[in-house]
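Residues per chain, in single letters:
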Amino acid sequence: MSIVTPVTVSYALLGLLENSTRHGYDLKQSYDRRFGGVKPVRFGQVYRALAQLTRDGLIEVVGVEAGAGPDRKRYAITDEGVTDLGAWLGEPEEPQPLLQPVLFTKVVLALLSGRPADRFLDAQRATHLAAMAELTRARRAATTTQAAILADYQLFHVEADLRWIDHTAARLTTLAEEVRDGADRS
Amino acid sequence: MNPLLGLRLAVSGGREQLLRRAFTATGVGVGAALLLLAVSAPGAALGRSDRIAWQDAATAVVSAETPDPPIEKADGALFLAVSDYSDGNPMTRAYVAALGVDPPVPPGLDRLPGPGEVAVSPAMRDLLAATPDDELDNRFPGRATLTIGRAGLAHQNELVAIVGRTPDELRGVRSVAEVHGFYRAAPQGGIRYLQAAGLGTGSVVVLLPVLVFLVIVTRVAAGQQERRLAMLRLVGATRAQTALVAATETGLAAVAGAALGWVGYELGRRVLAATVVFQGGHFWAEDVAVPGWALAAVLAGVPVLAILTTLASLRSVQVSPLAVGRRGRRPAPTAWTALPLGAGLAAQLALGLSGAGGTGQLRPILAVLQVVGVALVGPWLCLLAARAVARLSRRASALIAARRIAYDPRATFRAVGVVALAAMAATYLGSTADRPGPPAQNEDQRLRPGVVQINTGGVAAERVAPLLSAETVTERWDGSAFVVSCIELRRVRHVTCPHPTADPGGPVEPGLGAERFTVLQVYVPTDGSLAAENRVRTRTANLVPNAIINTDRDPVDYHLEQTFADFDRLGGVAALFVIILGACGLTAGVIAGLAERRRPFALLRASGVRLGELRMVVLVETAVTMLVTSAVGSALGLVAGYAATRGTDRMWTWPGLPVLAVIGAGMLAALAFAAFALPLVGLATRPDTVRYE
Amino acid sequence: MVLTGRDLHKSFGTSYALRGAGVALAKGEIVAVMGPSGSGKSTLLHCVAGILRPDSGEVHFAGRRIDDLPDRDRVQLRRTAFGFVFQFGQLVPELPAVENVALPLLLGGRRRRDALAAASGWMRRLGLDGLDRRMPGELSGGESQRVALARALVAGPAVVFADEPTGALDSVAADQVLELLVAAAHEQGTSVLLVTHEARVAAFADRTVLVRDGLDSAPVGAR
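Chains as they are written, first to last, in this note's numbering: chain G, 197 to 382; chain L, 113 to 805; chain B, 276 to 498.
Calculated directly from the structure, the hints in this document are not laboratory data. Note that the structure is a prediction, hence the values are computed from the model and not measured. Watch out, some of these pointers could steer you wrong.
To be verified - Over 10 Å on every C-beta distance to chain B, these chain G residues come out as not near it, computed from the model:
1. 214
2. 225
3. 236
4. 243
5. 248
6. 256
7. 274
8. 278
9. 296
10. 299
11. 308
12. 367
To be verified - On the chain B side, residues computed to face chain G include the following (Cβ under 10 Å):
13. 338
14. 446
15. 454
16. 457
17. 458
18. 473
19. 479
Glycine included, each C-beta is placed from N, C-alpha and C at the ideal position.
Based on the provided sequences and hints, a complete structural model is requested.
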């Protein structure tokens with residue numbers, strides 16, 4: 197079982213639904229196409245996530261196709277869902293290891309929904325910088341080299357994220373076109 | 113890499129490369145032009161002697177010291193040339209009589225003037241037109257039908273006349289000789305020897321700084337190239353390929369420089385010809401010229417020298433492609449560097465003291481050795497000076513300058529070496545002076561004003577009878593002594609009576625029958641006017657053509673004195689020459705020093721160091737080294753001069769005030785010129801022109 | 276605020292380096308200016324340090340306006356109140372390390388003995404014992420940057436400007452230099468303006484200002 201929380205998956209599905217209403221099956225296909233490389237999920241996870249989202253009132257069932265099974269339901273995002281998604285995208289993540297799937301998802305979703313991805317990246321960068329400052333202070337105060345090395349490890353990783361953020365920020369336009377192209381097809 | 117790529121690389125590059133190449137080309141141009149002018153100088157001076165050598169044809173036959181003139185024609189001619197004067201200016205009066213149908217002809221003429229004809233120089237023609245007949249024209253009986261061309265004249269102001277006579281008219285005249293040919297070039301011996309030796313040493317002393325200067329210039333540019341070439345090496349160029357690029361780049365700039373130098377030389381020699389007065393006249397432009405082979409050699413050799421220097425200085429780059437800029441420093445020069453110079457000086461002193469008189473040939477060689485010795489010891493002197501300055505100075509800029517000199521004394525000395533060599537040469541020449549003692553004639557026995565002294569060489573009294581009168585005084589020769597009445601002599605010369613008895617060659621009182629003796633000298637008092645003097649000269653010339661006539665207007669030993677005065681003047685030209693070189697060398701040094709430290713200086717300025725401080729650093733570096741090396745150079749010149757005069761009959765004197773003034777002025781001028789480069793300090797170190805990333 | 280720059284514009288020829296950027300430095304504060312190459316961060320440093328004159332905008336230091344001062348006064352200011360550390364190439368290659376450090380004092384007229392003693396003291400403080408007589412060419416990158424730092428601090432400046440001071444160093448040497456810079460600054464109460472494109476370097480500062488295309492963005496606050 198992967199370490200990443202299902203939260204990411206839920207929001208990814210939410211973001212896809214914001215675009216248009218879909219069947220469960222379509223949704224899974226769409227997710228695979230966009231995020232499958234980053235964080236693959238099984239059908240089971242998808243349906244569990246959809247069920248949870250419905251319970252939370254973020255999505256609703258708007259139609260049922262003939263035949264039995266969860267993949268026959270048609271889902272649409274609710275107003276609360278839109279608000280919740282917006283809040284999640286706007287809130288920077290706390291720096292931690294293995295943030296990659298989350299950051300990637302957020303960027304793609306932001307671009308997909310036409311939200312300002314560059315502002316998201318700026319906010320994330322600011323948070324990371326603050327974290328680095330904190331880590332540096334901690335490392336400078338470290339009394340043993342072992343403690344210093346542990347802090348260094350985190351520092352280097354946070355720095356790596358920052359470099360990815362700068363790198364992506366520089367390529368947002370190309371990325372946006374690509375993401376929108378894909379949207380037409382799914 | 114094919115040559116074309118090398119060529120492309122060599123001509124590519126932005127503004128900085130262009131500036132560097134322009135700098136090389138200019139430096140090479142200056143050096144080449146000066147080199148060519150220096151090479152042409154001896155030829156110009158000696159060329160004159162060659163052109164008027166024909167005048168000595170008769171004297172050579174008569175005297176045993178010089179070899180006879182060459183045999184050119186089967187038929188001969190009777191010839192006599194006499195020194196005459198016109199208002200103190202030397203004039204040559206010659207007589208010639210053909211002894212056959214195909215006699216020898218002196219240079220400048222197609223044929224000999226026949227009886228009743230006179231060949232004159234253009235200046236003489238003008239003088240004849242301007243002077244009354246009885247003063248000048250009648251001295252040359254005949255019509256001035258022929259003009260003597262340049263090939264037979266020293267310069268355009270020369271006064272020469274060749275009077276055509278019949279053989280009978282000349283046969284009875286004393287000192288006339290039969291010649292079958294004329295000298296086309298000056299024979300060895302006498303003044304020419306002195307001239308040649310002096311010019312030889314002088315040329316060496318002047319040529320070497322030019323060569324050193326060329327090396328400096330190319331090294332400055334080479335220092336800049338290193339970075340670029342190290343990059344090429346990094347990318348994978350082989351040593352040969354980088355060498356090719358470097359050589360092409362320098363070569364192109366140097367060829368352009370050589371062309372510039374040629375133009376400069378052509379202009380320079382015309383300017384020199386028009387402005388320098390030597391032996392009474394300017395040079396013709398053609399005189400100041402180098403033979404074609406020398407011109408080709410210099411124009412080809414200078415770029416080759418530049419390329420070789422560049423290749424030599426590339427060695428540090430070739431060591432490792434990653435060594436951008438020199439990491440290791442060459443070991444500091446030590447006191448051992450003084451050894452060659454010390455040995456050379458000792459050898460000179462020993463040679464001189466042991467009385468080896470024939471050092472004429474050796475002198476240029478010794479001069480070269482001395483220059484080399486100075487070049488070797490110079491860096492060590494700079495190092496000593498730097499250490500002293502560092503210890504004694506209070507100001508920070510002096511400290512920086514001193515450390516800079518100590519860091520690379522060879523580079524600093526290269527920049528100032530020319531001036532030091534110049535100082536050495538100037539004191540050497542100034543102290544050896546090549547002057548004989550005061551004129552042989554005693555001041556006490558000078559002619560009284562207005563008196564015309566006629567030295568007949570010994571003629572019968574009847575010949576000069578028309579000249580004699582109650583006022584004239586006659587000095588005769590009785591076979592063993594001069595015979596003249598002291599009281600009479602006192603009328604025309606400043607002498608004391610009675611005749612001093614201690615002098616064995618001196619005059620004695622006439623005894624009985626003195627009127628029968630041959631007349632040696634006749635003194636004709638006149639009213640002192642030029643017209644009267646000229647009339648006496650004219651009459652005398654027609655009576656006794658070979659007589660040498662003097663008044664107190666003429667310097668007695670004119671040619672010799674003039675020679676040395678002229679060499680002083682040539683010395684002045686040479687000094688100017690070397691000052692230009694020195695100034696250029698200093699400037700090149702300043703620029704090189706700037707280029708190497710551009711970034712640290714710019715960042716220092718950004719950090720708040722005043723521009724004036726940086727300029728002071730550069731100035732102190734240059735001035736201190738120049739002063740120290742020039743002072744030592746001057747001292748060495750004096751010592752070498754002393755060593756050179758020992759064992760010969762030349763005198764060693766302290767160089768006069770003019771020489772010292774010239775040295776001082778020269779150093780100031782060089783420094784002032786180099787100061788022109790100081791604004792570059794400001795430009796090169798502007799904070800916004802140096803990239804910070 | 277000991278040093279402020281406001282609405283600074285600066286262009287070189289046709290390209291704009293600064294389009295209204297600004298920065299503020301409090302006493303004893305360490306501020307990092309971050310941005311990609313070409314963002315104008317170095318130009319911003321040069322303008323507030325008085326090395327360049329901005330085309331428009333104002334710079335104030337210690338209550339005085341300094342951007343419109345004549346060159347001579349700005350040079351004087353840089354010499355007495357500011358210290359500078361650049362990425363490389365600032366040491367005079369012919370002077371041994373201790374004389375390089377003492378240079379500001381020597382140029383200011385201090386007696387040689389005193390100046391060298393002070394310089395030597397700073398070298399010891401920055402861990403450069405025994406390197407007094409070494410020439411810059413014989414020092415490692417980290418050592419020569421520490422010498423440069425010593426030179427910047429020796430005259431007790433009010434503000435130290437560091438432009439990519441660790442750009443040419445490996446991470447350990449860089450950490451050393453930055454650690455010393457921050458410690459010395461805190462000790463002396465010196466303000467520091469640190470220009471860099473690396474987050475790890477900026478992390479040493481109390482506050483980071485981002486510069487992009489000649490404009491600054493909202494600073495990242497300190498905790």
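If we take the beta carbon of residue 308 (chain G), is the closest beta carbon in chain B still more than 10 Å away?
Non-interface label on residue 308 (chain G) holds, nearest chain B Cβ at 25 Å vs cutoff 10 Å.
Just double-check residue 243 (chain G) for me: nearest Cβ-Cβ distance to chain B has to come out over 10 Å.
About 41 Å separates residue 243 (chain G) from the closest Cβ of chain B, which puts it past 10 Å; holds.
With a cut-off of 10 Å, does the beta carbon of residue 473 (chain B) approach a beta carbon of chain G closely enough for the hint to hold?
holds, 8 Å
Can we keep the residue 458 (chain B) interface hint, with Cβ of chain G closer than 10 Å?
Holds - the Cβ of residue 458 (chain B) comes within 10 Å of chain G, reaching about 9 Å at its closest.
Non-interface claim for residue 214 (chain G) versus chain B (Cβ beyond 10 Å):
The claim holds: residue 214 (chain G) sits with its nearest Cβ about 29 Å from chain B, beyond 10 Å.
Can the hint on residue 479 (chain B) be confirmed by a CB-to-CB distance to chain G that is less than 10 Å?
holds, 6 Å
Least C-beta distance from residue 296 (chain G) to chain B larger than 10 Å
holds, 17 Å
Examine each Cβ of chain B, and state whether all of them lie more than 10 Å from the Cβ of residue 278 (chain G).
At roughly 28 Å from the nearest Cβ of chain B, residue 278 (chain G) sits farther out than 10 Å, so the non-interface label holds.
Minimum Cβ-Cβ distance from residue 225 (chain G) to chain B exceeds 10 Å:
holds, 39 Å
The output says residue 236 (chain G) does not contact chain B. Does that hold with a beta carbon cutoff of 10 Å?
holds, 31 Å
Is the shortest C-beta separation between residue 446 (chain B) and chain G less than 10 Å?
holds, 9 Å
May I ask you to check that residue 274 (chain G) keeps its beta-carbon over 10 Å from the closest beta-carbon of chain B?
Given that every Cβ of chain B is farther than 10 Å from that of residue 274 (chain G), nearest at about 34 Å, it holds.
Checked against the numbered hints listed earlier, the structure breaks hint 13 alone; every other hint is satisfied.
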